[in-house]
Structure formats: structure tokens, C-alpha cells
Amino acid sequence: QQPVQSPQAVILREGEDAVINCSSSKALYSVHWYRQKHGEAPVFLMILLKGGEQKGHEKISASFNEKKQQSSLYLTASQLSYSGTYFCGTENTGNQFYFGTGTSLTVIP
Amino acid sequence: DAGVIQSPRHEVTEMGQEVTLRCKPISGHNSLFWYRQTMMRGLELLIYFNNNVPIDDSGMPEDRFSAKMPNASFSTLKIQPSEPRDSAVYFCASSMGSREATQYFGPGTRLTVL
Numbered sequence: 001q002q003p004v005q006s007p008q009a010v011i012l013r014e015g016e017d018a019v020i021n022c023s024s025s026k027a028l029y030s031v032h033w034y035r036q037k038h039g040e041a042p043v044f045l046m047i048l049l050k051g052g053e054q055k056g057h058e059k060i061s062a063s064f065n066e067k068k069q070q071s072s073l074y075l076t077a078s079q080l081s082y083s084g085t086y087f088c089g090t091e092n093t094g095n096q097f098y099f100g101t102g103t104s105l106t107v108i109p
Numbered sequence: 001d002a003g004v005i006q007s008p009r010h011e012v013t014e015m016g017q018e019v020t021l022r023c024k025p026i027s028g029h030n031s032l033f034w035y036r037q038t039m040m041r042g043l044e045l046l047i048y049f050n051n052n053v054p055i056d057d058s059g060m061p062e063d064r065f066s067a068k069m070p071n072a073s074f075s076t077l078k079i080q081p082s083e084p085r086d087s088a089v090y091f092c093a094s095s096m097g098s099r100e101a102t103q104y105f106g107p108g109t110r111l112t113v114l
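Here the protein sequences come in this chain order: A and B.
Position 63 of the first sequence, counting from 1, maps to 63 under our numbering, and the rest follow consecutively.
Position 30 of the second sequence, counting from 1, maps to 30 under our numbering, and the rest follow consecutively.
Just chain A, same shape as in the assembly (with noise of 0.2 Å):
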């Protein structure tokens, strides 16, 4: 019932874009996502409701397709502030929440 996340790992340089993507095997009502530095507590991104299809957060954006049970997360123009761990939190509607398998993205310059 935990959602997949893919890639695991990505590596970028400054200034490549980069997409995680987020499945789940139950019909989904809400998406959020978080990012993990080393060491620290998740930090809210975004979230995404059923009906809602795709937000932005400065170069950082969503999308969800209900259709597919699956969200996307879009990093443009990387920098190295974005390097962390990446985890979607997804709600399905049976009411259970999951957090992904998470997805370690690093930026190097």
C-alpha cells in the first residue's frame, strides 16, 4: 500500500531540471509532497487534491493524475538547495495515508 517512488537516486548538475514520480496501487484522494534534508524533519512542498491537477512552488511544481494514481514532482533550473530527499504522502479513499518509498536527489555544482 505504500506508493513507489521513482527514480530512488538522481544526481544532478546546478541548473538541470529533474522529475520524481509517485504510484500508487489505490485510487488517491490527496497528494503531498515533502522534502528530507540529512538529519532534519520533512518540510511541507505541496499538496495536491483530488480535482486539482497541477500546482507550482517557485521552480518546483506538481502535478496529479487521479485517472493513473499518480503524482509527479517537476524541479527546474536545480540548485543546490534542492538536494535532500524527497518523500510523496498520498491518501487514498479508504482514508490511509502513506508515505513513498522516497526518492534522494543530490545537485552538485
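Just so you know, the hints here were simulated from the structure itself, not pulled from any lab data.
Where is the CB? At the ideal position from N, CA and C, for every residue including glycine.
Any given hint could turn out to be false.
[What the hints assert, rightly or not] With a Cα cut of at most 30 Å, we get these calculated DSS-like pairs of lysine-lysine: (1) A:67 x A:50; (2) A:37 x B:78; (3) A:67 x A:26; (4) B:24 x B:78; (5) A:37 x B:24; (6) A:26 x A:50.
[Claimed, not checked] Covered stretches of chain A, as calculated for chain B (at least 3 residues, CB under 8 Å): (7) 39-48; (8) 93-105.
Using the hints provided, position chain B relative to the given structure of chain A.
Below, chain B without anything else, positioned relative to chain A:
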């Protein structure tokens, strides 16, 4: 404004001992969550309270774990007796509204059970 406050930040205990983790949510928030994070299992939701009432405790591992929220400004997570496999970072988070609202995480409690 103060964020979510957790105590202690670090706890080292011996197997069989009782452990109590504490959380003070952000003032005005009415939802509170307890999570556990390990390398093997990632982030897991243990229990979710709304208006001090446990709504979803399906993630609580077993009877050794219990959580309470006696009022809107305080929650505890207790493990009795503790086991080495309980070693993890335990996060508390709070939000305004229900589960789909933004969750604000506390700094976490790193628990080590020897």
C-alpha cells in the same frame, strides 16, 4: 511562533524499559500525527488524532505502543516494554484541519534501544 516541540530529542534506553515521547503541537492546530522513520521501513504513520480523538491508529505496530492526547496542546507516545527494533526517529506533526492540510513536523526524537 514556536513550531512543533518534541521532547526528548534523544533517548537511549535498555530493552524492556518504558519510553515516553512527548509532543506539543502548534497552537491552534487540531490535528496531530505520530510518525516513525527507519532506514528499512522509511516514514510510517503510527497514529492520527483530530480534535484530541484518535481517528486512525492502524499504523501502531502492536500493543506495546500507545498514544494519548489528553488536551489540544499535548500528546504522548509510549512504548512499554521497549525492544531494539523500536530504535528509530519518531516525528510528531500537527496541522490545521484534517489530514489533507499542511503538516508541520517537529524536530523528532531519536530513540535508541539497547
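For each hint, the structure was consulted:
no., hint, verdict
1, A:67 x A:50, "holds (10 Å)"
2, A:37 x B:78, "holds (27 Å)"
3, A:67 x A:26, "holds (10 Å)"
4, B:24 x B:78, "holds (15 Å)"
5, A:37 x B:24, "holds (23 Å)"
6, A:26 x A:50, "holds (13 Å)"
7, 39-48, "holds (count 6)"
8, 93-105, "holds (count 8)"
Checked against the numbered hints given earlier, this structure breaks none of them.
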